[in-house]
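Asker: Next come the chains, spelled out residue by residue.
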Amino acid sequence: MIIKLAVLLPFLMAALIPLVHKHIKREHIGWFVLAVPIVLFIIISSFIPKIADGNTYIHTLEWIPSLGINFTTYLDGLSMIFGLLITGVGSLVILYSNFYLSAKELLHHFYCYLLLFMGAMLGVVFSDNVLVLYTFWELTSVSSFLLIAFWHHRKASRAGARKAMVITVSGGVAMLVGFLMLYAITGTFSIRELVAQVDTIQQHDLFIPALICILLGAFTKSAQFPFHIWLPDAMEAPTPVSAYLHSATMVKAGIYLVARMTPIFGGAETWFWTITVVGVITLFWGSFNAVRQNDLKALLAYSTISQLGLIMSLLGVGSIALAFEFDEAATPIFTLAGFTALFHLINHSTFKGALFMMVGIVDHEVGTRDLRRLGGLLPFMPLTFSIALIGSFAMAGLPPFNGFLSKEMFFTAMLSLQEANVFSIGSMATWIPVVAWLASVFTFVYCMIIIFKTFFGTYHPERLDKEAHEPPFGMLISPFILVALVVLIFFFPNVLVHYILTPAMASVYPTLPLQEITPYVSWWHGFNLELFMTLGVIVLGIILYKTKRYWSYVYTFIQPRNSFNALYEWVITTTEDGSQRLTNKYMNGYLVHYFTYIYIIFVGIIGGYFVLSGAFRFDPSNDATVETFELMVVCIVAIAAVALLFSKSRLTSVFLNGVIGYGVAFFFIVFRAPDLALTQLVVESVTTALFLVSFKYLPDIKPEIASAAQKWRNGIIAVSVGSLVTFIGLTIINYEKFEPISRYFEDSYELAGGKNIVNAILGDFRAFDTMLEVVVLFIAGLGVYTLIKLRNRKEASDVEDK
Amino acid sequence: MESVMVILVGVLVAVATYLILSRNIIRVILGTAILSHAVHLLILTMGSLKQGNVPLLSDSEGPYTDALPQALILTAIVISFAVTAFVLVLAFRTYGTNKTDDLQELRGNADE
Amino acid sequence: MKINDVILRTVVKGVVFIILTLGMYLFFAGHNAPGGGFIGGLVLASAVVLLYLAYDIETIQKTMPFDFKKVAAVGVLLATGTALGSVLFDVPFLSHTDGYFDLPLLGETHLTTVTIFEAGVALTVVGVVVTIILSINEEGGE
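Residue numbers (the working numbering), protein chains in the order written: chain A, 1 to 802; chain B, 1 to 112; chain C, 1 to 142.
The reader is advised that the hints may include incorrect statements.
What the hints assert, rightly or not - If the Cβ cut is set under 8 Å, some of the chain A residues that face chain C in the computed set are:
id	residue
1	PRO461
2	LEU678
3	LEU698
4	THR770
5	MET771
Read the hints as simulated data drawn from the structure, not as lab findings. Glycine included, every Cβ here is placed at the ideal spot set by N, Cα and C.
Produce the entire structure from the sequences given, and follow the hints as far as they go.
Answerer: Structure (structure tokens):
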């Protein structure tokens with residue numbers, strides 16, 4: 001229950017912001033918001049000891065029980081890691097942005113979106129029901145869209161936001177399809193129950209399609225090749241957002257999904273190959289492209305892509321462990337990869353968050369983040385430099401920082417492929433480690449670029465917008481906390497392993513014995529291949545960095561027009577043009593034409609099928625008796641309706657409409673619906689009054705100007721629609737294939753405490769309809785009000801202008 | 001009775017369709033109003049007519065007439081009232097801005 | 001909009017009370033007899049509209065100082081609030097409960113949360129209907 005409130009709290013606060021922001025000073029709103037992630041972080045941390053003891057917490061709130069959709073929160077080791085990341089990095093980012101964003105910005109919008117994101121992201125990691133997970137998943141896409149487009153006056157921001165939205169939401173929809181396939185196989189939406197039915201799932205024909213659909217969702221969200229193109233463009237967002245969403249949390253949702261689904265899909269050949277190969281390609285392509293960037297933030301974006309690829313490929317290798325029966329010798333070799341993935345996930349969040357904040361500081365203090373204009377900042381910004389140094393060295397995999405530990409383990413994991421005797425790996429067992437190693441070399445090169453191009457070299461004050469100096473103290477707090485973690489994790493990794501990583505391993509590999517698969521992390525393993533690989537990375541990296549200007553011509557082979565970006569642009573523009581051309585063909589602005597299309601299609605398809613299937617039946621034998629006075633009212637209503645067609649004045653028309661309305665009320669009385677009759681009488685009176693009042697502002701009806709052919713055409717359409725409805729109606733009266741469900745409602749007194757069945761249905765059985773209906777009514781009222789009032793205000797302002 | 005009612009519904013639907021297809025905005029609105037009347041009657045008829053007592057547990061003994069269509073119609077009546085009100089205001093605001101109530105003339109610019 | 005009609009006003013004075021009482025009756029009767037939130041709300045709204053027709057807007061606003069938009073908003077909040085409220089008691093969304101309470105003066109009374117929900121419905125109906133008609137009328141006043 002506490003976790004549920006934790007998910008809801010950011011949403012509640014987001015809703016509160018518009019209310020309070022008028023009453024407190026703009027600068028203070030960030031401090032007010034900061035309380036949310038800090039409180040949540042403390043709450044979630046308080047569960048750490050219990051989770052470390054192997055407990056899990058489940059709480060279910062029935063949402064739509066009849067469809068199996070429940071808002072179930074599930075707190076275990078894996079969701080714990082993410083919960084801590086989301087709230088922890090969230091606190092630091094909000095603290096940082098209090099100094100980063102000036103009070104002139106629309107801060108209440110910014111924090112509202114940020115809280116929305118935080119709540120959605122917590123929802124993703126704590127949901128056990130996949131449909132609820134999907135809802136929150138898309139909500140993170142939406143809030144990311146809003147945050148990327150925060151400076152929406154800039155074209156690049158809007159384009160970047162749209163790109164991120166299009167790619168991640170399409171992936172999300174694919175994921176939804178995958179979830180529905182899983183539901184079709186198992187009949188449950190709950191992840192825990194899916195894990196329990198893993199044998200059924202793996203035998204099923206839909207296994208591979210579901211797997212691919214879900215991976216599409218994970219790959220688009222986590223910016224895996226070739227869907228990575230949205231992430232560099234998303235860097236148009238304010239830097240705190242990039243640090244938070246686009247490096248520490250949202251892009252890791254894909255990782256989360258893959259880790260969460262490993263117990264279900266792990267061990268399958270397709271799962272292993274897709275994730276590992278895509279991950280390794282992303283790893284290489286991201287680091288290779290990061291080196292060529294001139295914008296520090298774009299460099300970090302590509303580096304994030306590359307690191308996400310690294311984690312993804314580790315999860316791929318780790319899934320091998322589930323492909324064979326538990327074996328004390330062989331299994332831990334592969335579970336190490338899964339373990340490293342989780343470990344690196346945390347490490348990456350610490351050092352990449354610090355680096356993003358460092359870039360934000362540089363950008364904020366000197367006014368540019370272009371590497372061609374930066375240089376020699378070390379004497380002016382020593383504190384910022386130390387952040388950059390620690391962050392970059394950790395990313396490059398150097399001791400004494402946490403990146404070194406996970407990088408060594410990464411090499412071990414990749415080399416372990418050679419011991420795998422499943423999935424006919426063959427020569428790929430050599431190629432994958434080689435590519436991974438090459439990617440690490442490029443990683444080393446761009447880490448050097450970050451440090452040396454920014455802080456060493458010659459200082460060119462004329463190229464900078466502002467004179468370089470240290471930022472305000474507050475801006476340094478958050479990155480310093482993060483780099484402190486970078487160092488602490490290196491020295492005390494096994495504290496983290498015990499409290500955080502071990503329970504998470506239990507979620508990823510629920511079937512394996514926990515003690516056997518959690519390694520003891522140490523920084524010295526002797527002179528083994530991994531150590532030489534690291535040394536090779538350093539040597540080759542330094543050589544490549546020094547000689548960069550001689551080999552960087554290779555990047556000219558990658559033409560912008562051949563890239564995936566160009567493909568994306570092409571798809572977007574062609575579909576836009578195409579749909580516009582198609583739409584213009586039939587949407588010509590004449591309302592009459594639109595109605596005609598609708599009616600013709602209605603008569604054509606439904607009527608055509610009706611005739612072809614020969615469903616028509618007419619059997620008045622079961623009908624209730626017809627009294628003479630009822631027949632008279634029927635005739636009156638029919639005559640009034642037909643007369644309406646020929647009425648020349650609007651008063652007559654409204655009068656005739658009233659006659660029909662009261663006639664209907666009469667039928668309600670006869671047919672034993674007193675509630676309806678009462679309502680209909682009052683509504684009809686009010687409607688008639690409405691018509692009369694609004695006639696003050698409308699001209700009288702002019703006779704229809706239409707050619708005889710047009711009138712005939714309309715007449716034929718009208719008669720065919722009318723008769724089709726009649727025939728279908730007559731057929732359906734005698735349709736007795738289903739039992740009526742209304743017997744159920746007759747127990748309304750026992751079930752709902754009401755003796756008026758109709759009202760019991762409205763207020764209780766189907767109260768959801770009624771609630772939304774009230775909302776619709778309210779919106780209609782608001783619509784009327786604004787239609788009238790807004791015009792008046794606009795005219796008033798026009799007068800002022802004159 | 002049911003057959004008679006369905007035929008009446010058919011007549012109402014035909015009239016409503018013809019009105020909706022006309023060019024005058026008031027006639028279109030009247031058409032939608034009549035269409036909703038027709039639909040209400042159709043829904044009520046589908047629950048079969050005069051087969052039971054008023055659906056009030058306190059006033060009468062069963063069997064009761066089908067209460068579900070009645071609840072649906074009650075919702076529909078109120079919604080159609082709201083929609084009619086909104087469309088009416090929309091219509092006279094359109095007229096106030098564009099000085100025409102002819103839908104043929106309201107088609108907007110070709111390049112939109 | 002000034003209508004100076006003594007007969008209309010005198011009749012309205014009497015009739016409005018009858019209509020208001022009827023509206024309240026219908027609202028409360030809804031649980032066990034014909035009536036309910038929608039009908040009650042509509043009848044109440046028609047009483048208010050009648051008052052506006054007989055008197056000018058200023059007079060009515062002095063005697064009934066409500067902003068009917070806000071009445072409608074309160075109604076929507078009540079209806080959705082009862083729905084959400086059930087979640088706080090750890091039962092599915094929109095669950096209702098009822099019970100018999102011994103109240104002073106009234107004796108044993110049957111109270112249900114549906115009544116709160118229905119009150120929301122009725123308030124929304126009153127607010128929206130009056131808002132619509134008043135807005136249209138004000139359009140003419142300008």
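Asker: Hint by hint, note whether the structure agrees.
Answerer: Here's how the hints hold up against the structure:
| no. | hint | in the structure |
| --- | --- | --- |
| 1 | PRO461 | violated, 58 Å |
| 2 | LEU678 | holds, 5 Å |
| 3 | LEU698 | violated, 11 Å |
| 4 | THR770 | holds, 7 Å |
| 5 | MET771 | holds, 5 Å |
Figure legend: structure checked against the earlier numbered hints; hints not met, in rising order: 1, 3.
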